Amino acid sequence: MTFSIVGRSADGQSLGVAVASKFLAVGAAVPAAEAGVGAIATQAFANLAYRAQGLALLRTGTGAADTLAGLIAADPGRATRQAGVVGPTGDGATYTGAGCFDWAGGVAGDGYAIQGNILAGPAVVAEKERAWLAAPGLPLARRLHAALAAGDAAGGDRRGRQSAALLVVRRGAGYGGLSDVEVDLRVDDDPDPVTRMGALTGLWELYFGKPDPATLLPLQGELAAEVRDRLAALGHDDLAAWAGIENLEERLVDGAVDPLVLAHLRAASPS
Numbered sequence: 025m026t027f028s029i030v031g032r033s034a035d036g037q038s039l040g041v042a043v044a045s046k047f048l049a050v051g052a053a054v055p056a057a058e059a060g061v062g063a064i065a066t067q068a069f070a071n072l073a074y075r076a077q078g079l080a081l082l083r084t085g086t087g088a089a090d091t092l093a094g095l096i097a098a099d100p101g102r103a104t105r106q107a108g109v110v111g112p113t114g115d116g117a118t119y120t121g122a123g124c125f126d127w128a129g130g131v132a133g134d135g136y137a138i139q140g141n142i143l144a145g146p147a148v149v150a151e152k153e154r155a156w157l158a159a160p161g162l163p164l165a166r167r168l169h170a171a172l173a174a175g176d177a178a179g180g181d182r183r184g185r186q187s188a189a190l191l192v193v194r195r196g197a198g199y200g201g202l203s204d205v206e207v208d209l210r211v212d213d214d215p216d217p218v219t220r221m222g223a224l225t226g227l228w229e230l231y232f233g234k235p236d237p238a239t240l241l242p243l244q245g246e247l248a249a250e251v252r253d254r255l256a257a258l259g260h261d262d263l264a265a266w267a268g269i270e271n272l273e274e275r276l277v278d279g280a281v282d283p284l285v286l287a288h289l290r291a292a293s294p295s
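Using the numbering used here, read the sequence shown as starting at 25 and increasing by one per residue.
By construction, these hints were calculated from the structure, which means they are not laboratory data. Don't take each hint at face value.
Stated by the list, open to error - Calculated lysine to any residue pairs in the SDA-like style (CA-CA distance at most 25 Å, straight line):
hint, residue 1, residue 2
1, Lys46, Asp208
2, Lys234, Gly161
3, Lys234, Arg183
4, Lys234, Gly184
All figures in this text were calculated on a predicted structure; none of them were measured in a lab.
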């Protein structure tokens, strides 16, 4: 009923899950992740207890394969389950019970596990893996979405489309640096949820992505005067106050301006 990918970033610090399904609010059921511990997807006739139980096992240092084996062994409904697990190091692990509806299957490798059931065919999983392996340099959220989009383009859930979700965790990467939840986006009911998820990921990058130090512009001279004049035209005398209203506070840097913030300011105050 669902196709997903569980993955780890190239630097090993981010862990996450991307999932899509012909199922209302799939993000409420399938994904779970904990920074520094691991990430899990539980689907088909999903056993939601796998999420807490799997993270508890991973927290003890148990590897992905052994964590998944433990979950399955303790579950009398294992034949109808499907799941994927990734830990902070090593290969991911995937499982498809013999009772899952066709087409169902998965693949796993270093830092990822891909799985799906009631799919258009094996190309869905194969295309997801191809997209994942082709983009090691992307931020994890973008890499997971790219894999999900490739599976969707290959046919995805053969019953149709309804919802998608993206969850990424990394220590201290949440809003204001006060949580580990870096990205938590859901499209609960939409005719094209994977495409919509891509658009939301772009908005997340704008509002909550961290500024690239290499691109920052010193806030001095003519640029400082331009920023001051544009703020005044909008009724503000402080960049931080305006940025807070626009939800761009995560991109503020003392003594400099992020080009994305500047572009937003220019668009809001055309000369």
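Taking the hints in turn, this is what the structure says about them:
no.: 1; hint: Lys46 to Asp208; result: holds (20 Å)
no.: 2; hint: Lys234 to Gly161; result: holds (17 Å)
no.: 3; hint: Lys234 to Arg183; result: violated (38 Å)
no.: 4; hint: Lys234 to Gly184; result: violated (36 Å)
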